[in-house]
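There are 2 protein chains.
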Amino acid sequence: MTKIRVVFFLILISNLLNAQEPARILSSVFDEALTDTTAYNNLEYLCKHTKGRIAGSAAAEKAIEFTRQALINAGADSVWLQEVPVPHWVRGIERCTVNSSVNGKKALSITSLGLSVGTDYKGISSNVIEVHDFEELKKFGTEGIHGKIVFFNRPFDNKLINTFSAYGGAVNQRTVGPSEASRYGAAAVIVRSMTQSLDNFPHTGVTRYADTVPKIPAVAVSTLDADLLSKWLRTDPSLTINLVSTCRNYPDTISYNVIGELHGSLKPSEYITVGGHIDAWDVGEGAVDDGGGCIQAIEMIRIYKKLGIKPKRTVRAVMFINEEMTGSGGKTYASEAKRKGEIHYAALESDRGVMSPLGFGFDTDGPKLEKLQSLASWFVPYKIRDFEKGGGGSDIGPLKALGALQIGYMPDSQRYFWYHHSANDTFEQVNIRELQLGSAAIASLIYLIDLFDF
Amino acid sequence: MTKIRVVFFLILISNLLNAQEPARILSSVFDEALTDTTAYNNLEYLCKHTKGRIAGSAAAEKAIEFTRQALINAGADSVWLQEVPVPHWVRGIERCTVNSSVNGKKALSITSLGLSVGTDYKGISSNVIEVHDFEELKKFGTEGIHGKIVFFNRPFDNKLINTFSAYGGAVNQRTVGPSEASRYGAAAVIVRSMTQSLDNFPHTGVTRYADTVPKIPAVAVSTLDADLLSKWLRTDPSLTINLVSTCRNYPDTISYNVIGELHGSLKPSEYITVGGHIDAWDVGEGAVDDGGGCIQAIEMIRIYKKLGIKPKRTVRAVMFINEEMTGSGGKTYASEAKRKGEIHYAALESDRGVMSPLGFGFDTDGPKLEKLQSLASWFVPYKIRDFEKGGGGSDIGPLKALGALQIGYMPDSQRYFWYHHSANDTFEQVNIRELQLGSAAIASLIYLIDLFDF
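Going line by line, the protein sequences match chains L and C.
Heads up: the first sequence is residues 1 to 454, going by the numbering used here.
Heads up: the second sequence is residues 1 to 454, going by the numbering used here.
If you are wondering where the hints come from, they were derived from the structure by calculation, not from laboratory data.
All of these numbers come straight from a predicted model, not from anything done at the bench.
Don't be surprised by glycine CBs; every beta carbon is placed ideally from N, CA and C.
Among these hints, one or two may not hold up.
Unchecked claim - In silico contact screen, one side only, chain L against chain C (beta carbon under 7 Å); selected entries: (1) 31; (2) 161; (3) 356; (4) 382; (5) 412; (6) 415; (7) 433; (8) 434.
My request is simple: use the sequences and hints to build the entire structure.
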């Protein structure tokens with residue numbers, strides 16, 4: 001061959017190799033994730049040793065320290081804590097007893113809603129008005145509602161394939177139901193648990209009081225007990241409930257986001273954030289919501305370091321604090337980024353469970369979305385196929401104003417609400433392969449997002 | 001409009017309506033499956049009242065009668081039992097103790113393999129030779145193996161995304177390992193459980209003895225205990241095991257396939273078979289293997305009847321007996337079909353678990369495969385996207401000779417082998433929505449397969 005031919009041949013080979021490079025990298029990322037148990041062991045520790053880690057709790061502090069160490073062990077170049085103001089809400093005694101002259105007496109499975117005000121130790125005793133939406137509430141009006149306990153009992157729409165849509169169609173009963181009922185003078189609110197599951201786990205979650213009406217105690221009841229209460233009300237509308245919930249709101253306190261980063265090799269001052277939230281409802285272990293999301297972010301760092309993958313941009317794994325109550329972790333992270341003038345290229349949130357990965361949602365459109373969607377071709381061997389408009393998440397949402405592309409990790413979510421915000425959210429519900437595949441999917445996408453400029 | 005124009009307009013409208021018809025039908029099928037609990041309740045009964053229903057057992061007879069009734073309740077036009085010869089194998093006392101002068105004494109979690117011969121009550125005591133494949137076995141040869149217990153310890157390859165491929169890469173240790181070891185004079189075989197899970201559930205399954213060598217006792221050991229045994233062998237190769245497994249093979253007996261059908265509206269003498277197997281390993285409840293598959297076939301009948309869907313061809317739900325041991329249910333079904341001169345258009349098997357549906361495999365190619373793959377468009381709203389070459393199943397396999405298109409139902413299988421053939425295969429492992437979505441997917445595909453001629 002002539003020299004020119006040799007050079008041409010070498011360029012051709014090099015291009016061919018480069019064209020294969022992402023496929024080879026993704027393959028090594030999946031191999032590493034699927035054969036290493038660090039992430040699974042980390043999740044087990046988080047679940048079993050920092051159970052009940054709602055923001056402001058001692059358990060949350062333990063979780064912060066554990067994930068800080070885990071990030072160091074994963075090989076992050078720097079790891080630090082970012083101060084965040086958080087609410088300090090503490091659950092108390094909880095008891096809910098139905099008294100019916102027709103049906104008898106029964107204790108219901110309840111859990112106080114996060115940030116709810118409490119009752120005294122004797123509780124509130126009153127009749128119960130069952131409603132399914134705010135229109136029905138309005139029809140009862142002050143005359144029908146005043147002094148009574150309002151029972152919101154609209155179930156999930158099981159016909160919806162997307163379980164998050166079903167959640168979205170019911171959750172306003174929990175978030176704003178208590179204040180809506182308070183407008184008509186309700187004494188307290190009981191909300192059907194936000195799940196498709198028919199069982200005896202009550203599912204908690206935050207309620208957001210309006211400033212304009214009195215704050216009234218609010219609890220969630222298990223779906224089976226919601227059905228029972230509804231049935232009893234049909235035969236005995238004058239039954240009474242005694243509701244005790246001695247939870248309390250204390251003054252705000254201080255907690256922390258945990259941040260670990262790998263410095264970018266070419267553009268170190270551009271950032272990619274990958275995160276979940278380290279706080280979890282106090283009733284469960286927070287395995288699927290959202291211990292798994294945190295651990296997957298740490299695992300991305302570990303995989304990059306282990307395989308020698310050096311992203312051009314600085315990649316951060318962030319454990320956001322206080323997603324569940326007021327979202328101050330995500331807000332603080334973005335405001336600090338803004339204050340420092342950081343350039344945020346993209347942010348991915350994993351907060352939809354740790355089941356088998358389906359894909360990603362991208363909060364953009366036009367040619368940029370199309371280019372992102374073309375990344376799907378690299379994921380064909382892994383059957384990860386959702387590259388759709390949408391996605392993002394509440395912790396990375398505030399980064400949008402800084403121009404960060406919003407990405408949501410989307411696993412299969414059919415069984416997610418069986419666990420969400422309940423005592424049923426335990427380590428045992430997580431399958432190691434489903435966790436591992438998710439870690440690999442996230443680490444792979446971030447690698448590609450960084451490799452190709454969007 | 002002129003008359004011709006009116007007629008043209010009506011034809012156009014009718015075509016437009018027809019073009020939408022399958023989408024509307026599929027939507028109603030999914031709605032019905034997702035809002036009805038009959039299938040889930042049926043599965044619960046099957047799991048909790050016919051546990052241990054291996055072919056030839058009293059529990060299997062109860063399961064046969066229960067599913068016969070369930071098919072009648074579902075509205076099948078005719079329901080009957082088809083006589084099938086089945087083996088009669090009964091588990092006995094099982095005990096496996098390691099004695100090591102270095103490491104101590106330990107009882108291992110074991111389960112006898114189906115159709116295995118047993119030991120006497122004192123069992124077999126011998127040294128242990130660990131091997132990972134038949135090449136290694138050959139190297140030890142008769143000199144190394146004779147009189148010893150062979151321990152097959154090749155794990156699943158976790159790098160394989162498809163868990164059935166990982167199973168396929170390991171299962172010959174169980175199916176033919178005992179006879180391979182017997183060629184070199186082994187006294188018994190212990191096989192690492194066929195699962196990726198690291199836990200203490202031993203996973204059983206059939207072993208298939210060669211006629212040419214002595215039949216030797218064979219058991220599976222849990223993966224954690226396999227790891228422990230391997231570790232002990234490294235420090236003490238002369239440790240001994242006492243293995244007791246008093247299982248027995250009795251003379252063959254008679255059992256039944258359960259068949260329910262909806263008569264075809266246009267081509268009643270052409271058949272579509274949809275089935276799972278009603279037998280399940282005696283150690284578990286057979287929820288994912290394969291109670292769910294049976295219940296989904298029954299649910300298809302219920303849904304068609306409830307919604308007034310009238311397939312052109314006769315559609316059968318078949319509960320095959322004895323898939324797990326010798327496959328005589330599937331063979332009998334096909335030989336009876338052949339004897340009667342039945343025309344079998346297509347057959348679908350659901351025997352890969354009851355997790356979220358991914359799609360279907362079709363054992364065909366060329367234009368026919370392409371036409372089948374085009375059905376994927378109807379499933380876009382449900383994110384059911386695998387329409388691939390492959391599929392089928394062991395019970396419908398014998399129908400292939402009669403020209404029946406072979407279809408395998410493919411759910412997500414990442415966590416399937418956590419349950420498969422073990423005491424961990426319980427009703428509680430099944431999520432109602434994942435079961436329901438599978439029923440809807442199967443009922444929808446069969447509707448389309450029948451509507452469009454392939």
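Evaluated hints:
1. 31: holds (5 Å)
2. 161: Where the cut-off is 7 Å and the nearest Cβ of chain C is about 6 Å from residue 161 of chain L, the hint holds.
3. 356: Where the cut-off is 7 Å and the nearest Cβ of chain C is about 5 Å from residue 356 of chain L, the hint holds.
4. 382: Hint on residue 382 of chain L: holds, closest Cβ of chain C at ~6 Å, below 7 Å.
5. 412: Hint on residue 412 of chain L: holds, closest Cβ of chain C at ~5 Å, below 7 Å.
6. 415: holds (4 Å)
7. 433: holds (5 Å)
8. 434: At 5 Å from the nearest chain C Cβ, residue 434 of chain L passes the 7 Å test, so the hint holds.
Violated hints: none; the structure is consistent with every hint.
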